[in-house]
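Chemist: Sequence:
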Amino acid sequence: MTIEATVEPRREPTAHVNKLGFAKRPTKRKRSKKAKKRAPTMALQDLYVSCKEVFKGPGTVPSHQDVKRLCHMLDNMKLEDFGLSCKLKFFNPKAAVNGTPRVTYTIVYECDKFSMCVFFLPATAVIPLHNHPGMTVFSKLLMGTMHVKSYDWVDPPTTDEPDSPAQVRLAKLEADSVFTAPCHTSVLYPTTGGNIHQFTAITPCAFLDVLGPPYSNQDGRDCSYYKDFPYTAFPNGEMGLEEEEGDCYAWLEEITMPENLQMFVIEYLGPQVDDGCS
1 MTIEATVEPR REPTAHVNKL GFAKRPTKRK RSKKAKKRAP TMALQDLYVS
51 CKEVFKGPGT VPSHQDVKRL CHMLDNMKLE DFGLSCKLKF FNPKAAVNGT
101 PRVTYTIVYE CDKFSMCVFF LPATAVIPLH NHPGMTVFSK LLMGTMHVKS
151 YDWVDPPTTD EPDSPAQVRL AKLEADSVFT APCHTSVLYP TTGGNIHQFT
201 AITPCAFLDV LGPPYSNQDG RDCSYYKDFP YTAFPNGEMG LEEEEGDCYA
251 WLEEITMPEN LQMFVIEYLG PQVDDGCS
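Residue numbering for the sequence shown follows UniProt numbering, starting at 1 and increasing by one per position.
To be clear, the hints were calculated from the coordinates, so they are not data collected in a lab. Source: prediction; values computed, not measured. Misleading hints may appear alongside valid ones.
What the hints assert, rightly or not - Computed cross-link-like contacts, DSSO-like style, restricted to lysine-lysine with a CA-CA straight-line distance of at most 30 Å: (1) 68 to 172; (2) 56 to 149; (3) 52 to 113; (4) 113 to 78.
The task is simple: from the sequences and hints, build the whole structure.
Modeler: Right, dumping it as structure tokens:
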């Protein structure tokens, strides 16, 4: 059984969209009659329990063993674990706004230490270069073929560094590859692993993101967007960086949220995790 027939986009006015392009987290309210609570699949419940044990909150990074543990679990997860199918209407190329393919996402679970979200991208949809400040992120491609480009800063900015979004900063290319489901889980860390990345759907795609801790404007974990320029586009100054064999670099400039970025949140009506609170 899928949730295709019951998932509906939440009607959010533009004023309710934050810098990330996501609608703000809805206030807690009684679930609608059609949103009856469904028992979690074993895979989803096991993932939730492990995330509670692995993510310790802001300023922490999971241990190597914990990363392996979550990756092993995520590698085996499927759309069906979330009550989803490949026939969802979000993959329809006609689901576009002003000609731009619309990205849809749903929050499976969220707390102050981690979140689990599933994203749906029709073919050619793009989530542009963006960062994950202070986060460890596990990305599992559940269906489709996707191109991923990711960077890490050569010299990560310090917390007391003045905000200068117009300044270009040098970054090292960590990935520029095509992935097809099923494939292994990708992991990025606060300063390594490709913390700044871009997704481009080659075919209709769905992927699960597990973020710890989650985005939070109040706690300074807001999302920034970037535009990349060739390494040769700007003088290297006194950096004197020499590209070693296999290494590629680019200049990244922070930009405002792209105007054509269309991301819509929907209510998650699939199997619910049992957090012991209901």
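Chemist: All hints are to be evaluated individually against the structure, with a verdict given for each.
Modeler: Hint check:
Distance check on the hinted pair: residue 68 and residue 172 sit about 25 Å apart at the alpha-carbon level, within 30 Å; holds. About 28 Å separates the Cα atoms of residue 56 and residue 149, which keeps this hinted pair within 30 Å; it holds. Only pairs whose Cα atoms come within 30 Å are accepted, and residue 52 paired with residue 113 is accepted, the gap being roughly 8 Å. In summary, the hint linking residue 113 to residue 78 is supported, as the alpha carbons are separated by about 24 Å, within the 30 Å threshold.
Hint compliance for this structure: no hint is broken.
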